[in-house]
Amino acid sequence: MMIRQETVSYLRFLRRSLHVATDGGWLFYAWMLVLTAVALVGANAWAVQVRDGMIRTNMTDHVSWGLYIANFTFCVGLAAGGVMMVIPAYLYHDHDMHEVVIVGEVLAIAAIIMSTLSVVVDLGRPDRFWHLIPGIGKFNWPMSMLTWDIIVLNGYLLINLHVVGYLLYTRFRGAEPNPKWYVPFVLLSIVWAISIHTVTAFLYCGLGGRPFWNTALLAPRFLASAFVSGPAFILLVLRVVRVGTELPMSPGPARLLVQIIRVAAVVNLLMLVSELFTLFYAGGAHLASARYLFFGDHGKYGLVTWIWTAIGLNVVGTILFFTPAALERGWTRVAACAMVIVGIWIEKGMGLIIPGFIPSTLHEVVEYAPSLTEWKVTAGIWALGLLLLTAMLKVTVAVFTNKLSALAEIPPVSSSS
Amino acid sequence: MSESRKFSLPILGEVDRRTAVKAGAATLGLAAWAAAIRPWFEWTAELNPDEVLQKHYRELTPEQLQVILNKLTDEARKQSGKPAVVKDHKPIPGVSFAYALNLSICIGCRKCAEACHVENNHDRPSHQSYIRVFEMQKGGIDFEKGNANYDHPVPAKDKYYMPVQCQQCENPPCVKACPIEATWQESDGIVVVDYNWCIGCRYCEAACPYHARRFNWEKPQIPANEINPNQSYLSNRVRPQGVMEKCTFCLHRTREGKLPACLEACPTGARVFGNVLDPDSEIRWVLENKRVFVLKEELGTKPRFYYFFDK
Chain Y
818 MMIRQETVSY
828 LRFLRRSLHV
838 ATDGGWLFYA
848 WMLVLTAVAL
858 VGANAWAVQV
868 RDGMIRTNMT
878 DHVSWGLYIA
888 NFTFCVGLAA
898 GGVMMVIPAY
908 LYHDHDMHEV
918 VIVGEVLAIA
928 AIIMSTLSVV
938 VDLGRPDRFW
948 HLIPGIGKFN
958 WPMSMLTWDI
968 IVLNGYLLIN
978 LHVVGYLLYT
988 RFRGAEPNPK
998 WYVPFVLLSI
1008 VWAISIHTVT
1018 AFLYCGLGGR
1028 PFWNTALLAP
1038 RFLASAFVSG
1048 PAFILLVLRV
1058 VRVGTELPMS
1068 PGPARLLVQI
1078 IRVAAVVNLL
1088 MLVSELFTLF
1098 YAGGAHLASA
1108 RYLFFGDHGK
1118 YGLVTWIWTA
1128 IGLNVVGTIL
1138 FFTPAALERG
1148 WTRVAACAMV
1158 IVGIWIEKGM
1168 GLIIPGFIPS
1178 TLHEVVEYAP
1188 SLTEWKVTAG
1198 IWALGLLLLT
1208 AMLKVTVAVF
1218 TNKLSALAEI
1228 PPVSSSS
Chain Z
12 MSESRKFSLP
22 ILGEVDRRTA
32 VKAGAATLGL
42 AAWAAAIRPW
52 FEWTAELNPD
62 EVLQKHYREL
72 TPEQLQVILN
82 KLTDEARKQS
92 GKPAVVKDHK
102 PIPGVSFAYA
112 LNLSICIGCR
122 KCAEACHVEN
132 NHDRPSHQSY
142 IRVFEMQKGG
152 IDFEKGNANY
162 DHPVPAKDKY
172 YMPVQCQQCE
182 NPPCVKACPI
192 EATWQESDGI
202 VVVDYNWCIG
212 CRYCEAACPY
222 HARRFNWEKP
232 QIPANEINPN
242 QSYLSNRVRP
252 QGVMEKCTFC
262 LHRTREGKLP
272 ACLEACPTGA
282 RVFGNVLDPD
292 SEIRWVLENK
302 RVFVLKEELG
312 TKPRFYYFFD
322 K
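Chains Y and Z, in that order, are what the protein sequence lines are. Position 150 of the first sequence, counted from 1, bears residue number 967 in the working numbering, the numbering being contiguous throughout. Position 222 of the second sequence, counted from 1, bears residue number 233 in the working numbering, the numbering being contiguous throughout.
Treat the hints as calculated values from the structure; they're not laboratory data. This structure is a prediction, so every number in the text was calculated from the model and none was measured. It is possible that part of the hints are untrue.
[Unchecked claim] With a Cα cut of at most 30 Å, we get these calculated BS3-like pairs of lysine-lysine:
(1) Y:K955 <-> Z:K187
(2) Z:K33 <-> Y:K1220
(3) Z:K149 <-> Y:K1117
(4) Y:K955 <-> Z:K313
(5) Z:K170 <-> Y:K1117
(6) Z:K156 <-> Y:K1117
(7) Y:K955 <-> Z:K93
(8) Y:K955 <-> Z:K101
(9) Z:K168 <-> Y:K1117
(10) Z:K82 <-> Y:K955
(11) Y:K955 <-> Z:K269
Build the full structure now, drawing on both the sequences and the hints.
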């Protein structure tokens, strides 16, 4: 009898959440419509790619991973960086952070889904996806680092789904969350967040035949940049939530995030300098990719603009974060966030995955620039991720402002977004 | 907002305007999705359910494998219009293959690459081959000074030529990388791919230090009359779209006691192939008497493909 009631109540929570997530003002509808349209374009491009083959991309046997895996790498970092809200809240008992920590976890869910999709669209045979499922497929664990990545990414998704779902549902019921049911998972998610980006770095740095990736500094660099891009993205989300909803928000958490970014951004740049020094001073075979990336090689300059744009954005963004204005709400902070997000997206993708293949293992310089199909599919993945993020944030805000609550039977529908 | 207008719809009964609009939008949205992913269904319509659910090569019973071979043979006959056969060549016990190449006499004519192209039913438009021949600068073994796209009479002055194909490593990074064991090393040392199991993630291609792996970016195109009818499940049968492939030391020939196609095509006799476990084999003599070397020895991959100079 009790269980039945619980089930009914949970189903009602889901139904009302769906209602809240698809309801808003004209700005909200316009936003969702645009995202849906972009997602549709992406889905169509992917379907064509599956039918006609990966020939629709600009990848080759020389550059066999491209924009998809580049975007995957960034999205994993975004998911890992989301946890930077959790550490101060739960390890240092910062109570202001408790209120907004769920935003970081919601972002992590959306980012993990985006990274998983980025890998799925990179598969030549998505129909054989089931070969990856342990038990019915043939899971090459613990040998293949890719199997480790599948485990940690899915585990991270489940942990965050549980924490977010539990906190929202108990709040919906008007009950006090029982720490026993979520604090251990929150603590686990901290360790797990570090593991997802570390294992993703191991995918690349474990390959002895790719000198550009084969560096022990790769995983620490991934983490440092994730702890910039993740909090920067959360800052932007918090701003949208503050401006667009009635959720009260104190300025403390955002300031703390800026402090985190300051440290991580400097560490990230420091490690970049360290890497570049080692490469360029020692010279030799390890240098070939870096030389092509930063200065071009054999008369080919395909990545030079990308990487200098990234360095420019990262350096200026970091400087902006160190200005006093970054601690206050305002456009300086927004600009700094946007700069480091784009900068790190390039650095972790076009500036890291692609030069791993150029020159090839036999030193052939074959260039790569993403095809229209690849851009469409990647944009579609981002649109879908933002769609999910928006819907989850709508529900979160509604629950935290008590608009979505089992105690208030008829949800007062707000027309503002 | 408080006075939400009520509509009366069949089946659903009374609904407010907002819900009706939402339902309409959802219907439109679903229709748009169906239209967007239609190419996906054009693709799934061509898929064979048996093939989609097929087990890993090494888990098939002999009967199941025979059924698959029969089906592949039928397809190969239809495709080529010839009495083609797709066999399954198992490794021969007591055989461990190795390959050696004499760089002093290789003239860079690329006959080996061409023979591979024909023998292994490679895609014609991309002129695919498992062998790439590099024109190297005398005075070192530096691929940075090498060039695989040379286009002039050979051999050129102050150059030597280095054909590179799968090194059939004893410690293969590609096998380690594969998340689903779609590629593995057989007892005679040949690394193979189950084309019906590979998901096409291309992690193996990133892992290979020798640029030995190839991906089927689209369905290979070969004119029917050019299809080699002597095919094998793990080697030269026409590959499906979206999977990896690689040099198999022509296992459909070498496991029948023949020599690889690239060796037979070589006009200078630069290539030596055989069973290293046979003390009287030519390959054994080369390994024992020539100062052979392997590519990228420092990576610890232990290639089975050796190079040597005569003079």
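Tested hints:
no.	hint	result
1	Y:K955 <-> Z:K187	holds, 13 Å
2	Z:K33 <-> Y:K1220	holds, 20 Å
3	Z:K149 <-> Y:K1117	holds, 25 Å
4	Y:K955 <-> Z:K313	holds, 26 Å
5	Z:K170 <-> Y:K1117	holds, 24 Å
6	Z:K156 <-> Y:K1117	holds, 16 Å
7	Y:K955 <-> Z:K93	violated, 36 Å
8	Y:K955 <-> Z:K101	holds, 21 Å
9	Z:K168 <-> Y:K1117	holds, 27 Å
10	Z:K82 <-> Y:K955	holds, 24 Å
11	Y:K955 <-> Z:K269	violated, 33 Å
This entry does not satisfy hints 7 and 11, going by the numbered hints stated previously.
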